[in-house]
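Use these hints to put chain B onto chain A, whose structure you have.
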Amino acid sequence: GENVEQHPSTLSVQEGDSAVIKCTYSDSASNYFPWYKQELGKRPQLIIDIRSNVGEKKDQRIAVTLNKTAKHFSLHITETQPEDSAVYFCAAPQNEAAGNKLTFGGGTRVLVKP
Amino acid sequence: DAGVTQSPTHLIKTRGQQVTLRCSPKSGHDTVSWYQQALGQGPQFIFQYYEEEERQRGNFPDRFSGHQFPNYSSELNVNALLLGDSALYLCASSFSSAGVAGELFFGEGSRLTVL
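From first to last, the protein sequence lines are chains A and B. In terms of my numbering, the first sequence opens at residue 1 and continues consecutively. In terms of my numbering, the second sequence opens at residue 1001 and continues consecutively.
Next up, chain A with everything else stripped away, as it sits in the complex (with noise of 0.2 Å):
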């Protein structure tokens, strides 16, 4: 089955700086690459996502990035808010072809210092 490997488990930055996290997976049919937060007490909800056609994918603030042939990909976060604090997973499905199960990493706490 697929085995996603997060880092950092923790992360603080000071409010306007860069944050990065890594996720490495292991079932090279994975397609699709998905990043959820979780506010403190809230449910994971999607922030962005990438399939496996793209190799960058932007949204304002945030951006993810794969490598496939190196089975990663990272989100990036720039100028950093304190509203950034969080915990971010990110996942990748299980391929097949009777339907997707998402595999999530072990999570990064994000704080951010104002």
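Hints are not guaranteed to be accurate.
Derived list of chain B stretches under chain A, where covered just means 3 residues or more per stretch with a C-beta under 8 Å from a C-beta of chain A [unchecked claim]:
no.	stretch
1	1016-1025
2	1079-1089
Think about it this way: if two alpha-carbon atoms lie no more than 20 Å apart in a straight line, the pair counts; the simulated EDC-like pairs of lysine to aspartate or glutamate are [stated by the list, open to error]:
no.	chain 1	residue 1	chain 2	residue 2
3	A	Lys-71	A	Asp-17
4	A	Lys-37	B	Glu-1103
5	A	Lys-37	B	Glu-1108
Calculated directly from the structure, the hints in this document are not laboratory data. A quick note: this is a predicted structure, and the numbers were derived from the prediction, not measured. C-beta atoms are modelled at their ideal positions from N, C-alpha and C, and glycine is treated no differently.
Frame of chain A; chain B shown alone:
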């Protein structure tokens, strides 16, 4: 659109008891997945229901079972509760074409405490 709704939000059980958690998917979604999230960890896939059948299953024992109804809502049942079953149980809905992964919409979860 109410999004994904789950009930109950919190519950406390004792070891050996049984629990049923409920989920209503987002309008228009036909697939429901259940995840277990232990404190400080990422969600772990339990199983997924589509067309009222269990389509995929993660590494969880048979004590974990589920059901999907014709209106796409779903239940998660856990028998013979163990202390280690204490966690946040998340329901996620999606609209899935076979073989195509898509966005999961999560509910707020049911926090289960086993004493």
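Against the structure, the hints:
| no. | hint | result |
| --- | --- | --- |
| 1 | 1016-1025 | violated (count 0) |
| 2 | 1079-1089 | violated (count 0) |
| 3 | A:Lys-71 with A:Asp-17 | 27 Å, violated |
| 4 | A:Lys-37 with B:Glu-1103 | 13 Å, holds |
| 5 | A:Lys-37 with B:Glu-1108 | 13 Å, holds |
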